[in-house]
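Peer 1: Single-letter residue listing:
Protein chains: 4
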Amino acid sequence: MTELCYDLAHLAHIELLTPKLEESARFFIDVMGMSETTRQGDSIYLRGWDDYEHHSLKLTQSPKPGLGHYAFRASSPQALQRRVAAIGKSGWGKGWSDGDLGHGPAYCFTDPDGHNMEVYYETEWYVAPPELKPALKNQSSRFPDHGVGLRRLDHINILASDVRATRVFMENVLGCRLTEQIVFDDGSEKASWVTVCNKTYDVAISEDAYGAKGRLHHFTYAVDNREDILRAADICLEHGVFIESGPHKHAVQQTFFLYVYEPGGNRFEIATAGARLLLAPDWKPIVWTQAERQKGQAWGMKTIESFHKRGTPPVEDE
Amino acid sequence: MTELCYDLAHLAHIELLTPKLEESARFFIDVMGMSETTRQGDSIYLRGWDDYEHHSLKLTQSPKPGLGHYAFRASSPQALQRRVAAIGKSGWGKGWSDGDLGHGPAYCFTDPDGHNMEVYYETEWYVAPPELKPALKNQSSRFPDHGVGLRRLDHINILASDVRATRVFMENVLGCRLTEQIVFDDGSEKASWVTVCNKTYDVAISEDAYGAKGRLHHFTYAVDNREDILRAADICLEHGVFIESGPHKHAVQQTFFLYVYEPGGNRFEIATAGARLLLAPDWKPIVWTQAERQKGQAWGMKTIESFHKRGTPPVEDE
Amino acid sequence: MTELCYDLAHLAHIELLTPKLEESARFFIDVMGMSETTRQGDSIYLRGWDDYEHHSLKLTQSPKPGLGHYAFRASSPQALQRRVAAIGKSGWGKGWSDGDLGHGPAYCFTDPDGHNMEVYYETEWYVAPPELKPALKNQSSRFPDHGVGLRRLDHINILASDVRATRVFMENVLGCRLTEQIVFDDGSEKASWVTVCNKTYDVAISEDAYGAKGRLHHFTYAVDNREDILRAADICLEHGVFIESGPHKHAVQQTFFLYVYEPGGNRFEIATAGARLLLAPDWKPIVWTQAERQKGQAWGMKTIESFHKRGTPPVEDE
Amino acid sequence: MTELCYDLAHLAHIELLTPKLEESARFFIDVMGMSETTRQGDSIYLRGWDDYEHHSLKLTQSPKPGLGHYAFRASSPQALQRRVAAIGKSGWGKGWSDGDLGHGPAYCFTDPDGHNMEVYYETEWYVAPPELKPALKNQSSRFPDHGVGLRRLDHINILASDVRATRVFMENVLGCRLTEQIVFDDGSEKASWVTVCNKTYDVAISEDAYGAKGRLHHFTYAVDNREDILRAADICLEHGVFIESGPHKHAVQQTFFLYVYEPGGNRFEIATAGARLLLAPDWKPIVWTQAERQKGQAWGMKTIESFHKRGTPPVEDE
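Protein chains in written order, with my numbering: chain A, 671 to 988; chain B, 671 to 988; chain C, 671 to 988; chain D, 671 to 988.
Wrong hints could be hidden among the right ones.
Since the list can't tell identical chains apart, any single copy or any two copies may satisfy a pair.
[Stated by the list, open to error] With a Cα cut of at most 25 angstroms, we get these calculated DMTMM-like pairs of lysine to aspartate or glutamate:
#, residue 1, residue 2
1, K965, D855
2, K807, D768
3, K690, E986
4, K803, E914
5, K954, E794
6, K803, E962
7, K965, E975
8, K759, E673
By construction, these hints were calculated from the structure, which means they are not laboratory data.
The following block holds chain A by itself, in its conformation from the complex (with noise of 0.2 angstroms):
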């Protein structure tokens, strides 16, 4: 029996491109409860009040919304030699960077339908200012007392014109395991969940509707409880974030959810798993069928047409 790779430790950050840098920062800092951390160039630096790095999320000026990159830890620099040879072998590696802020050198690469990645090992442990010092040393920072407070980035959701190549490639390159996914009556695969850790998903791959690729569908932060995305919409209502979907649970994963657009086009969700966990060594991917899927969420809301459809950046016949 092959034993199962732990050589990614777990998502790391997503880069994110806004046309609206100020704007998306400041929906990010005030109404989502981040700190930020550092601003160079054309970027800011964001997290959650528990992300133990130096951020989580970079915010870059772009003309159109979308995807820059988003990046995995390493379990060890053993691990990520190991990992950086599997993907030159794949073929999708593009090299060394020198690393960025708060990260040291990483491995670029991407997956097959164009997605920028990269890997890392050596990092920066946040040291909190006084201002966000904890009042508890066993978190990184202060829980926020202003927004929705984000506690730390939980999965990111790309779109793929090919769901299934991506998805072999997360799983034989990159040692991710599959663990649910949506395959239609036809055969074809419509969206997978795939993780690198015991949280159920680090990264959804969904089926881009106009077959465009290296898309993005929504990123997402974790917050505690399921009130704390009741209150997350109390907060988006009165500050005029234009709510997409829910509260509500999806079925697929369970996860309890928000999904709002942020102020440069980006989809983003706010969501909970609660004590879920994937724990068995041995999970055997749950398969969705077509007609399954087609019931809705999990109490029965009809899945929005924007959900299955828009992503960024847009395509032309959006």
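Go by the hints and put chains B, C and D onto chain A.
Peer 2: Leaving out everything else, chains B, C and D in the frame of chain A:
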């Protein structure tokens, strides 16, 4: 740099000794909302609604309350062999058992304090009977409409005459990671928390106030939200269940908790960690000082005296 | 300035007609967590755990679902006499009945749309049998350890062919206060909410999409927290209860809600108002416009079509 | 049968004395999420996000903490006249004041223990400035995105040297209803809770452990859900606010609570009653015995000593 050990997948089950088998079973089934998988001899096998194995709690009739044994599931057959070799080498091994209802061969051993433990890989995935079939197929069985509704086994807290010795064994022999600990001004290690996965602890080891060996402080099941704990307190109140402490929030590990005594006399905890996970591969253990511990729990509640002393089985001078 | 009328103390009970008496009873008892006080003839009498009277819900076997009648308790014997006089004068009175199990003589009448109503003062305070005796003596009976755990009757929503006529009757004859309403651009009154106490509504009156008379839209029990509604959705999901809409938050009245169909076909709501109360004696009714209503619910969910149309008993063109 | 008195609509505002005016204001605004309506002289006027009047809390600079006065709003001009007549007749009247910012003429008086009180009818409805304009027009102002987010004033708890005398005054002169009380074995009335509306209490009267007169135990604002209280505790922890007790649930009145000290030294409570209301017009007061009180709070937490003794202003032997 030494790589982390992933050989143990998760805390798998606990055998609890109880002088009142039927009453303990009624407590865990009716009040806590667990389901009974089967009975055999003097034992009743129970599980939370999202535990994927045959059982996570085995109640066994015994003259005194306390811990029978507790078990880890290994990550693979190879991982099992590696841990068995390491335990054997440590001198604490006892040899193989044929396993039990629901799981295959288990290697038995003790920690240096004498707690009975075992590790196994082969297991029987739970298949819900029709009346417990869940509406969503990505959960193990129905979300219960009665009782507290424990989701899954979370952790165990043992008492040890020598915390350090047991903690070092957990680290060096089993491959656990130390995440937090309490160390007094005289250097004595009062409590340590270790994990084998992304939960921030699977096992807590506290100093036995009586210097006794092999005793149990409590064990814990997880629910999804803090509100579930508050509702659990209301249910316990109505059922006349003795509430020792809580609902409140621990400073150490920040768990939101409720401690009660089950009818057999063992302490039992219902808890939620929210979205808190140990994701960093290079986490540096948090060390709490004597002064910090004396501050009480997170929101200032003084820790109740019995919490520092009482364990099962009871010792003479209690 | 005319003083407010306090003659009606509160909405007291609802008689619900159901073609499936036993199934409806099982729904309200097993799934919703109500308790059965007694049975007599074709009726079963139920109550929420903190309803202080003999019953707040009377289920009666009937060929079709719908409303049997609904009742207010008067604030005093004198208040009862005043309201009886006013109703008699309005021409809608039907005369006295001897009362029912649990309450004394009731004066029967209809509103202009034909809904059967009654008002009474004498009542039988519920005394919990030993197995339902609460741990805290300031509540009517035990907090249930099963089902949703409905606390108390909250409100009723009737359908009327002429909303204005019924609303004016509620105000002028019964002494209700109008708190919110929906008035379309053409001046038509689509819905009105009235109260007799500090709740912001006891009765909602919505336009019947079919112009039918005397129909029921839904009735509602209160729970304490929003999380209770989310848990109710999980329980309904497992029990195969049809969820029409929610959990979500209404814009009008801001109630956090879940709408389901009970087995007899009637719509039923579980809701919480949080700490929202009508305290101002000079509250000015909130008037929602056509455009505002079309925005959907508070967080943007479009109101489902069936919610605008379906009532009980069903009408031919449904 | 005597009819209930509805002359007082609700508890309207509290004037709180504080030796640290600015710090107290910062606490209520920044940490508790209240908004400031205006400042005048040595006073700052504040309100919760759904308080409909100009203010519900007036902070006034003073050498010592304590209660300035507290006020009821009458149900109508006629009701005001009736209560003024009754108070005058009781001998506790002090005469009319011209009112204050936000309300019209007020009749001033004391209870037999010397607490300053007033009653008025004319009031100024709060109109939110653009930046506090709510998204939903049926609430007074924006749901705050910072701090605890107090919804509305809930109740006040005064200390009295003679609980019975003050309680009888509240009942006979003001028309309050007694809902619960604690009476010791020797017949002494230790605490009483009275209401003027459907809340189960607007004023609590507790025995002053020092026999002092006119002191304040605490006052309370309501939030919507229990989870809001838990979040409040987290926020207080981060702000270094002293938490005296809670979160926990009272046995008496079953309020879910958190007690803290504001910077001026006064005790302050954040609480929620859930869906609990006093609806019965013939409610029989619940009488708690000495033994019942000694059981502690609902879930067994022993009441902290300071809670039984401390009041403001402090007395010499504290």
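Peer 1: All the hints need checking, so say for each whether the structure fits it.
Peer 2: Consistency of the hints with the structure:
In this assembly of identical chains, the alpha carbons of K965 and D855 lie at most 25 angstroms apart only when taken from the same copy (15 angstroms versus 36 angstroms across copies). Neither within a single protomer nor between protomers do K807 and D768 lie at most 25 angstroms apart by alpha-carbon distance, with minima of 32 angstroms and 45 angstroms respectively. Proximity of K690 and E986 under a CA criterion of 25 angstroms is satisfied intra-copy only: 20 angstroms inside one chain copy versus 55 angstroms between copies. Taking identical chains as interchangeable, the C-alpha atoms of K803 and E914 lie at most 25 angstroms apart only when they sit on different chains, with a minimum of 23 angstroms there against 35 angstroms within one chain.
In the homo-oligomer, the alpha carbons of K954 and E794 lie at most 25 angstroms apart only across protomers (13 angstroms), although the nearest pairing inside one protomer, at 36 angstroms, exceeds that limit. Proximity of K803 and E962 under a CA criterion of 25 angstroms is satisfied inter-copy only: 16 angstroms between copies versus 47 angstroms inside one chain copy. Proximity of K965 to E975 under the C-alpha cut-off of 25 angstroms is found in both arrangements, the shortest distances being 14 angstroms within a copy and 17 angstroms between copies. When the C-alpha separation of K759 and E673 is checked against a cutoff of 25 angstroms, the pair qualifies both within a copy, at 20 angstroms, and between copies, at 23 angstroms.
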